[in-house]
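A.B. asks: Build the full structure now, drawing on both the sequences and the hints.
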Amino acid sequence: MKKQVSLAREYTKGLWEQSPVFKQVLGMCPTLAVTVSAMNGIAMALATTFVLVFSSFIISLIRKLIPSQVRIASYIVIIATFVTIVDLVMRAQFPELSKALGPYIPLIVVNCVILGRAEAFAAKNSPLRSLLDALGMGTGFLIALASLGGIREIIGSRTLLGMQVLPDAFEPWLIMILPAGAFLTLGLMMGFLNSMVERRKRRDEAAVLAQHMRKPAVAIMEGQEG
Amino acid sequence: MKTIIAMLATLSLIGVISGGGLAMLSSWADPLIAANKKADTERAIFLVQPTAKSYEPVKEVAFELYRVFDDTKNSLGYALPWEGNGFQGKVRMMVGVSADLNTITAIEVLDQVETPGLGTKVTEEPFRKQFKGLVAVPQVDWIKGVPPTKKNEIQTITGATISSKAIVAIVNDGLVHLRKDLTQGGVQ
Chain A
7 MKKQVSLARE YTKGLWEQSP VFKQVLGMCP TLAVTVSAMN GIAMALATTF VLVFSSFIIS
67 LIRKLIPSQV RIASYIVIIA TFVTIVDLVM RAQFPELSKA LGPYIPLIVV NCVILGRAEA
127 FAAKNSPLRS LLDALGMGTG FLIALASLGG IREIIGSRTL LGMQVLPDAF EPWLIMILPA
187 GAFLTLGLMM GFLNSMVERR KRRDEAAVLA QHMRKPAVAI MEGQEG
Chain B
496 MKTIIAMLAT LSLIGVISGG GLAMLSSWAD PLIAANKKAD TERAIFLVQP TAKSYEPVKE
556 VAFELYRVFD DTKNSLGYAL PWEGNGFQGK VRMMVGVSAD LNTITAIEVL DQVETPGLGT
616 KVTEEPFRKQ FKGLVAVPQV DWIKGVPPTK KNEIQTITGA TISSKAIVAI VNDGLVHLRK
676 DLTQGGVQ
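For the record, the sequence lines run as chains A and B.
Note that my numbering gives residue 128 to position 122 of the first sequence, counting from 1, and the numbers run on in steps of one.
Note that my numbering gives residue 661 to position 166 of the second sequence, counting from 1, and the numbers run on in steps of one.
Keep in mind that the hints were calculated from the coordinates and are not lab data.
Please note that a few of the clues may not be correct.
List of simulated lysine-lysine pairs, BS3-like, C-alpha gap at most 25 angstroms [claimed, not checked]: (1) B:Lys-585 to B:Lys-532; (2) B:Lys-585 to B:Lys-675; (3) B:Lys-627 to B:Lys-548; (4) B:Lys-533 to A:Lys-105; (5) A:Lys-105 to B:Lys-585; (6) A:Lys-105 to B:Lys-497; (7) B:Lys-646 to B:Lys-660; (8) B:Lys-627 to B:Lys-616; (9) B:Lys-554 to B:Lys-533; (10) A:Lys-105 to B:Lys-532; (11) B:Lys-646 to B:Lys-675; (12) B:Lys-497 to A:Lys-130; (13) B:Lys-585 to B:Lys-548; (14) A:Lys-29 to A:Lys-19; (15) A:Lys-70 to B:Lys-497; (16) B:Lys-548 to B:Lys-568; (17) B:Lys-639 to B:Lys-660; (18) B:Lys-533 to B:Lys-548.
Computed Cβ-Cβ distance ranges for the label pairs, DEER-style [as the list claims (entries may be wrong)]: (19) B:Thr-615 to A:Met-169: 15 to 23 angstroms; (20) B:Thr-498 to A:Glu-125: 36 to 44 angstroms; (21) A:Gly-197 to B:Thr-498: 47 to 55 angstroms; (22) A:Leu-134 to B:Lys-624: 56 to 64 angstroms; (23) A:Pro-112 to B:Arg-538: 20 to 28 angstroms.
Bear in mind that the values here come from a model prediction, so they are computed numbers and not experimental data.
Ideal Cβ positions, reconstructed from N, Cα and C, are used throughout, including at glycine.
C.D. replies: Structure representation (C-alpha cells):
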C-alpha cells in the first residue's frame, strides 16, 4: 500500500516542492501571457485556483462512479463547467479584469495544471486530500504568478499593483512587459530558486555525512591512540 | 454492454447537471453583462461627443451607429464604433463626427493589442487630441516627422508609425461607410 503523507504535507507540497510553475512547469500559457502586472497574475491565479479546487473536489467525490474509459471526457466537462462559471461571474461583476485577462479565462479549461491534478491526484485520492492538494497547487500557482507579475510590472512599468514604486528617472524596460520579458523573468527565477534548493540540499547532505562519519572517525582515532 | 451503458449514463448525467447549472447562472449573469457592455458604449459615446446630452441608435444603417443630441434635442452629430487592423491585431474605436460629417469631434480607442509603450501611445492624449476638430474632407491625412500644416492632417507618432496610420485608416474607412449609407438611406 502507498505510504500516506500527512494532510498538512498534502497542502504544503504544492507551495514549493512540487510548485506547478517552477517544478512541474505546467500551465505555462497563462503564466507567460498574463503576468504583465501583479494584479493580472493574482486574478489569473485566483480564477485558476477556484476551478482547480472545485473540479478536484467533485472529481474525487465521483471518481469511483466514472467508468475509466470516459474519465478524461468527464473531467473536461466538469472543469469546463467551473471555468464558464468563473468567466460569467467575472464578466458580470468585474468587467475591467475580465477585459484585461481576455481569452485566458476561457483557456483555463485546457490549463494542464488542472487536468494534471485531476488525473494524477484527484482520481486516486479522497475528497479531503484532493481539496488540500488543489488548494496547495493553487497557492503555488498564485505565488509564482504574483511574483512574476510583480517583477515584470516594477521593471516594465515602474508600478506595483498600479502604484508607482520607482522614480520617474528610471526608464521602464519595455521588454519586461513584452512576451520576451516573461521568458527572461521566468527563466532567471527558475534558475535562481533551483540553485538555492540545490545548494541547501548539498549542505544538508554534507551535514548528514559529517554526522555519520564522526563515530567511525572517533573510533579510528581512539584505536590509533590505543 | 454494461460498460457502454455506464459510460453513456455517466457522461449524460454530468452533461445535464453542468448544463442545467450553467443555464441558471447565465440567466443571472446575462443582463449584467449586457448592462456592462451598454455602459461601456455609453461612456465611449460621451467621450467622443463631449457636448452631447443624449443619444439614440441609428437604425437606418447596416452597422452600429449612434446619433447624439444636445439638451434641446438638436442633432450634434454621430458616434461611430468602427474597427480595423492595427500593427498586431484588431483595433476597435469610437469616432465622433459632426452632423455635416465634415469634422471629427474626437476619437477613442476601445480595444487594441498594439506594442506596449510604442503603439499604445495612440490611446494617449497627445495623439488623440490631434483629432479634436480635425477636418475630415476629403479624408484624414497623416504626415511623418513634422507638425501638420493642413487642416486635415495629423502627425504620426515616432516609433509607432504603423499604429498611427492604422488609426487614420480606420477613421477614414468608417467615414466612407458613414457618408455612403447616410446619404443613400436619406437619413440626413
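A.B. asks: For a quick check of understanding: which of the numbered hints are violated here, in increasing order?
C.D. replies: Violated hints: 6, 13, 20; rest satisfied.
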